[in-house]
Amino acid sequence: MSTHILWLIGRRLAAAVLTLLIVSVVIFAITAILPGDSAQQILGQFATPEQIEALRQQLGLNQPAIVRYLDWFGGLLSGNLGESMTNNMPVTELLQGRLGNTLMLALVTSVVSVPVALLLGITAAIYRGGRLDKCLSTLTLALVAVPEFLVATLAVLIFAVKLRWFSALSYASDVTSPLAFIRTYTLPVMTLCFVIVAQMARMTRAAVVDQLDSSYAEMARLKGLGNLRIALVHALPNAVGPIANAIALSLSYLFGGVVIVETIFNYPGIASLMVDAVTNRDIALVQACTMLFCSGYLLLVLIADVSAILSNPRLRTR
Amino acid sequence: MTELLHVKNLRVNARGGAGEIEIVRNVSFSLGKGEVLALIGESGSGKTTIALSLLGYARHGCRIAGGEIWVDGTDVLSLDDKTLQQWRGHRIAYIAQSAAAAFNPSKRLLDQVIESALLHGVGSRAELERKAVELFRDLALPNPETIGQRYPHQVSGGQLQRLMAAMALIADPLLVILDEPTTALDVTTQVEVLQTFRDAVKRRNATAVYVSHDLAVVAQMADHIVVLNGGEIREHNRTERILHHADDAYTRSLLGAARPHGKPKAVTRLPAEAEPLLSIKGLIAGYGKPDSLGLPASRILEDIELELRPGQAIGIIGESGSGKSTLARVVAGLLPAARGKVRFRGEELPGQLSQRSAEQFRRIQLVFQNADTALNPMHTVGTLLGRPLKAYFGLTGKAQRQRVLELLDQVRLPHTLIDRKPGALSGGQKQRVNLARALAAKPDLILCDEVTSALDTVVGAAILDLLAELRRELGLAYLFISHDISSVRALCDDVVVMYQGHQVQTGSTSALLEPPAHPYTDLLVRSVPELRQGWLEENRDLARLELPALDDYQDNGELCTFLDRCPKRINGLCNSTAPGRKTLSSGSVTLCHLDEEAMLPLLPVLAQPSAQEPRLYKVNG
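In order, the protein sequence lines correspond to chains A and B. Residue numbers for the first sequence follow our numbering, beginning at 1 and rising by one. Residue numbers for the second sequence follow our numbering, beginning at 1 and rising by one.
Hints are supplied without guarantee of correctness; some may be wrong.
What the hints assert, rightly or not - Here are some chain A residues pointing at chain B (derived, C-beta under 7 Å):
hint	residue
1	R56
2	Q58
3	Y216
4	N227
5	L232
6	G241
7	N245
8	P313
Said to hold, decoys possible - Distance windows between CB atoms, simulated:
hint	chain 1	residue 1	chain 2	residue 2	range
9	B	G423	A	L228	30 to 40 Å
10	B	T373	A	G226	49 to 59 Å
11	B	K8	A	R229	24 to 34 Å
12	A	L299	B	A18	47 to 57 Å
13	A	A15	B	H153	45 to 55 Å
14	A	T263	B	T373	46 to 56 Å
15	B	T373	A	V146	36 to 46 Å
16	B	G351	A	L13	51 to 61 Å
To be verified - Covered stretches of chain B, as calculated for chain A (at least 3 residues, CB under 8 Å):
hint	segment
17	103-109
18	114-123
Hint data in this document are derived by calculation from the structure and do not stem from the laboratory. In this text the structure is predicted, and so the values were computed from the model without any measurement. No residue lacks a Cβ here, since even glycine has one placed at the ideal position from N, Cα and C.
Just need the whole structure built from these sequences, with the hints factored in.
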């Protein structure tokens, strides 16, 4: 790997860190502006102003914003995300259990959805304009349009209630055998795949079709190459950049955007934790979750950028 | 002689708005083994469509509607998809117009060169790689052993074009189709590529179909010429007959447009003491972040000196990357100069558009190369021309319409076009509207950036005539940027020759075309193919110039930019000191160490072409 690539990647990394820093300021500012604070939330609406004031003093909420930010940010760096006010336990501890669950769900969903999406997208691109392409296009469009709670509810109704193949609720702690794993994960993973496969497949098709329209693809045809070879050997390597970005975008949704699926299947992930934290004005927890989502998103985009750089000889060899 | 290719009643249709339109109508021709046939015509003539049909291929939206194409006793159009795939790249090979776009950017060159032959079972990978290296050597590519390991962006345009020829020839095809293979190249590169193509074709006794719009290029390559217009054959004959005794009126008009427009126009010399309209002194400009001295990271223009008097036309000529368009951007206010002064009508011209006065803004107008993108497709011609009238002169309503009609008269367009949108106009008409929009401001100076380059030869020639007339009528001054010597010659009094940001020669148009001249000017002028057979043979030296050896040197950015290609460079002088400006006896100013005698061509000057064989100064495009 040349120093040039390391330099490019280093720059992306620096940009990601800077973005995260800015995000931390924004998150802190927004949570500070929100009406009501932890003191008020803990004591309830019948508390006297004196009581609230006393608790604020105790929690350090009366200090200037900049001091509180630096305090929080310092804790962030040392791995101390603060104390969850409503649960009375460290945020790290709360996250620990949930993060594993979320990552597991995201991982399983990615492993299933990415190959399927690539297969569908590339197939549609090869048979562009044909019947297969039109079918796939209609199907994916329909899937994008159907809200996920409907998919999830129908899936539960059919596979859990009627056919009794899988359980309607997914307790991650139940997983003890491969069979239990399948019973737990099939329905939520299927629901999530419905949502993101369609998007990724459409983006993949567009990226590959774009390359198939280029002069070099026509040249490959005039050299006597078959459709499959043109798409896989010639078009695909040049479409890695846009496809990787489409995948990163879809997968980032698996971190924070899966509230509905987590709720329906009662799956203990981070998304539902954050929703609870917002309702409870549990500021430290909200801040930690948001930072986590942002880091996950930036990490995925970084990976996509790096694969785009590595797939492009113009950037790779200089 | 055995017949290899026979095309019979070929018809190709395109799907249009209502049903199908015939874009190739009943085209028939045949070609013997070892011969080269040229398909020539303007854009829309169907030449590329026919060439692609020979591979049994029609572009998206087109369909081969009928006819037969016999290659070596087989009707290509009757083959099924599988067999056709076997034929393509194996028996019939194709060389595309722009090699830069036709090579896959993310695959190594060698893999792409041998890919087709490998799939078609021509040989093993090792055999084919060996053969490819032989071909690379044959086609005069540098480092034939290793060049295949590179990616397309790592080699030059001329080299890519030759690599594509290697890709076509590696399977020893029966028929090679060359589709405008040199059109995208600079003129000095074109000569080299033409030379190697011609040698390769001759040595292999290959049969070839050569598609081009450039008669002078075709005259060097082809035995037969088929002239196409609107999808039909106008004339088909041997090359010498077409060049000297064309039967068809359309062929004669093509020949006429390809020839230079008589002698350079006798220009009414303005008194030298007239105050210059535009004067540029010591201009340095470029792109990228300025350093501590305020000089840009990438310097494009280096020490430009120019004086343009009212009503004068100066041509700026050079290859791609020479900095000619950057110069126009500086004058137009799109790029601030890093150093030097630009004065207009005696006043200093601010570098930023925002600091220029409305009056300066009005007096300098820019006309772009591509009228398609310069005109808003949603507006009518009336609106397009009305807006500058309102902005500069506050004209509205009836007065505005009156002036729009006058403008249409000035650019010789009928009044009926006023309500049309650009989409309903032809290429030439669009460029006229583009010009009229500049004229609406009643400018003193028009910057013309490659205004005829995107047009067909005949249409382009008409625009040049219009520019010349407008100049006489309105006393306009032009800064005419072009890569095409013949159009500069037809329009301009003076010429500036640019090479990689240096102004290598400045002088009157007639002085430019005759030696002594800067070695680059000399190469540029001599590289333009002439409209006669045998020119390429006579100018073999142009393709393989012997360069005097140089000791190792350090380029501090001051040395002559032409040093690495100059056939007359002097060791110890050119590679150690920066060249200075020198005035020749012809009045031209050159940027070169050589004295006048040394600038004369190494070889005896070719006999001046006779009246029947006029020189053609056509760079490309």
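Task: Broken hints, by number - done: 1, 2, 4, 5, 6, 7, 10, 13 and 16
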